[in-house]
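**Q** Spelled out, the chains give:
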Amino acid sequence: MENLDINITIIDRDGVKHNVAAPTDMAMNLMEVVRSYELAPEGTIGVCGGMAMCASCQCYVLSDTELPEMQDDEEAMLSEAFDVKENSRLGCQIQLTPEMEGLQVELAPES
Amino acid sequence: MITTDILIIGAGPTGLFTVFEAGLLKLKCHLIDALPQAGGQCTELYPKKPIYDIPAYPEILAGDLTDKLLEQCKQFEPGFTLGERAETIEKQEDGSFIVTTNKGTEHKAPVVAIAGGLGSFEPRKPLLDNITDFEDKGVEYMIKEPEMYRNKNVVIAGGGDSALDWSIFLSDIAKSVTLIHRRNEFRGHLDSVEKVQELKNLGKINLITPAEITAINGNEKVESVEVTKKDESPILVKTDHFIPLFGLSPKLGPIANWGLEIEKNAIKVNNALDYQTNIPGIYAIGDVNTYPGKLKLILCGFHEATLMCQSAYQIINPGKRFVLKYTTVAGVNGFDGTRKEAPKAVVKAIN
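Chains A and B, in that order, give the protein sequences.
Under the UniProt record's numbering, the first residue of the first sequence carries the number 1, and numbering increases by one thereafter.
Under the UniProt record's numbering, the first residue of the second sequence carries the number 1, and numbering increases by one thereafter.
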């Protein structure tokens with residue numbers, strides 16, 4: 001089977017950098033990739049299951065990778081979340097595509 | 001003291017289905033939930049969203065699933081303690097447990113089934129160093145007694161329905177209402193957003209956006225909050241109350257201190273047998289448990305609840321024989337005197 005993985009870098013909440021291969025053909029989002037590699041303890045990320053309703057998957061985007069535009073529910077959730085910065089996004093709202101090769105993100109603190 | 005056979009902690013889908021399965025075994029259930037209504041996440045977080053992986057339902061709204069589960073278990077007359085969080089558990093000499101809520105309600109049962117999902121929903125607290133010092137001294141995360149705000153100065157923070165609704169409501173009662181939100185846009189029912197706009201124009205709500213609360217000041221109680229608008233220097237707003245309304249987030253909470261083995265923010269259970277925890281008589285089912293290969297799915301919770309009830313039967317009725325019956329064959333005898341059964345085949349000779 002053709003390899004449709006992309007290489008992305010995730011800095012966990014302890015500041016440790018992980019270079020991981022993320023599938024782009026399994027409809028996975030960034031939050032799910034973090035969970036699949038167990039880069040944040042279960043129960044502290046993706047708590048709402050990916051509905052942009054909890055902000056537990058907030059991350060800071062470090063690379064200038066082009067990402068899908070923020071939708072209303074993500075923007076609304078981030079406006080009520082904590083530790084929000086200019087480059088904050090919700091991992092669950094970022095579906096991984098082959099164009100995102102080289103994406104670099106840092107997980108926001110647990111809240 | 002409330003007594004029952006199986007005390008279920010958590011009234012989400014798994015907890016509600018436990019009532020049905022227990023009822024088939026003539027075991028009575030009582031449920032405790034921190035939320036004021038049954039349904040757990042399904043009602044609290046996404047009642048209007050569809051679920052597609054409930055067997056035999058190609059699509060069902062989470063709120064409708066809750067209604068159907070309540071209907072299915074109704075004949076087994078479950079008891080409910082809602083709006084209270086299970087706080088402590090004590091094992092009695094006779095092997096039973098007493099679970100007490102944060103409001104002091106006591107429940108006694110030989111079997112406890114924790115179906116607590118992701119935990120109890122707690123208000124999300126803004127990250128302000130001294131906020132805990134002011135809790136119940138001017139800082140409230142939810143409004144329980146609107147009357148206490150009469151003729152007081154109130155600052156509300158948040159951008160969702162509860163922030164909007166309470167700002168509208170309190171604008172009639174309080175001396176002043178200041179609403180602070182990080183953005184200019186609010187996420188709420190259009191009616192509420194328009195009403196707040198109207199009250200702002202009338203000078204009944206003081207709206208400060210986009211802004212954040214950056215400090216709380218006061219001696220014994222809240223006296224003022226510091227409000228910072230983006231790229232501006234902070235201003236001081238005098239107030240008697242600060243009410244941050246940033247929604248609820250689930251926390252495992254007091255259950256984490258019950259002596260149960262916890263792994264990955266979940267309770268370890270024996271999935272080879274009956275979903276019992278390391279404490280005999282206490283089970284954990286649904287999203288709250290963990291075991292190798294665990295999947296947090298409603299349908300897995302239903303399965304776990306069913307096996308757990310068979311095991312609980314043996315604790316409650318030691319040595320008493322029983323075999324699984326099919327509802328189609330045996331029917332369902334409710335505790336309320338109702339009986340459901342399959343229609344009998346008609347026997348008639350053909351001449």
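Calculated from the structure, these hints are not laboratory results.
All C-beta atoms in this analysis are idealised placements derived from N, C-alpha and C, irrespective of residue type, glycine included.
There could be a bad hint or two in this list.
Unchecked claim - From the derived model, a few chain A residues whose C-beta atoms are all more than 12 Å from chain B:
| # | residue |
| --- | --- |
| 1 | E2 |
| 2 | I11 |
| 3 | R13 |
| 4 | A55 |
| 5 | E66 |
| 6 | E80 |
| 7 | R89 |
| 8 | M100 |
| 9 | S111 |
As the list claims (entries may be wrong) - Distance condition first, Cα-Cα at most 25 Å in a straight line; then the derived SDA-like pairs of lysine to any residue:
| # | chain 1 | residue 1 | chain 2 | residue 2 |
| --- | --- | --- | --- | --- |
| 10 | B | K230 | A | V61 |
| 11 | B | K229 | B | L252 |
| 12 | A | K85 | B | V329 |
Stated by the list, open to error - Cβ pair distances, simulated, as ranges:
| # | chain 1 | residue 1 | chain 2 | residue 2 | range |
| --- | --- | --- | --- | --- | --- |
| 13 | A | N3 | B | L127 | 49 to 55 Å |
| 14 | A | P98 | B | E122 | 37 to 43 Å |
| 15 | B | G259 | A | N7 | 42 to 48 Å |
| 16 | B | T214 | A | E101 | 35 to 41 Å |
| 17 | B | E93 | A | V16 | 22 to 28 Å |
| 18 | B | L297 | A | D83 | 56 to 62 Å |
| 19 | B | E341 | A | D14 | 46 to 52 Å |
| 20 | B | L61 | A | E101 | 20 to 26 Å |
| 21 | A | S36 | B | E93 | 46 to 52 Å |
| 22 | B | F169 | A | N7 | 48 to 54 Å |
**Q** Hint by hint, say whether it matches the structure.
**A** Tested hints:
no. : hint                             : result
1   : E2                               : 28 Å, holds
2   : I11                              : 20 Å, holds
3   : R13                              : 14 Å, holds
4   : A55                              : 9 Å, violated
5   : E66                              : 24 Å, holds
6   : E80                              : 5 Å, violated
7   : R89                              : 16 Å, holds
8   : M100                             : 27 Å, holds
9   : S111                             : 7 Å, violated
10  : K230(B) with V61(A)              : 21 Å, holds
11  : K229(B) with L252(B)             : 35 Å, violated
12  : K85(A) with V329(B)              : 61 Å, violated
13  : N3(A) with L127(B): 49 to 55 Å   : 42 Å, violated
14  : P98(A) with E122(B): 37 to 43 Å  : 40 Å, holds
15  : G259(B) with N7(A): 42 to 48 Å   : 44 Å, holds
16  : T214(B) with E101(A): 35 to 41 Å : 39 Å, holds
17  : E93(B) with V16(A): 22 to 28 Å   : 49 Å, violated
18  : L297(B) with D83(A): 56 to 62 Å  : 31 Å, violated
19  : E341(B) with D14(A): 46 to 52 Å  : 60 Å, violated
20  : L61(B) with E101(A): 20 to 26 Å  : 38 Å, violated
21  : S36(A) with E93(B): 46 to 52 Å   : 47 Å, holds
22  : F169(B) with N7(A): 48 to 54 Å   : 52 Å, holds
Checked against the numbered hints above, the structure breaks hints 4, 6, 9, 11, 12, 13, 17, 18, 19, 20 and satisfies the rest.
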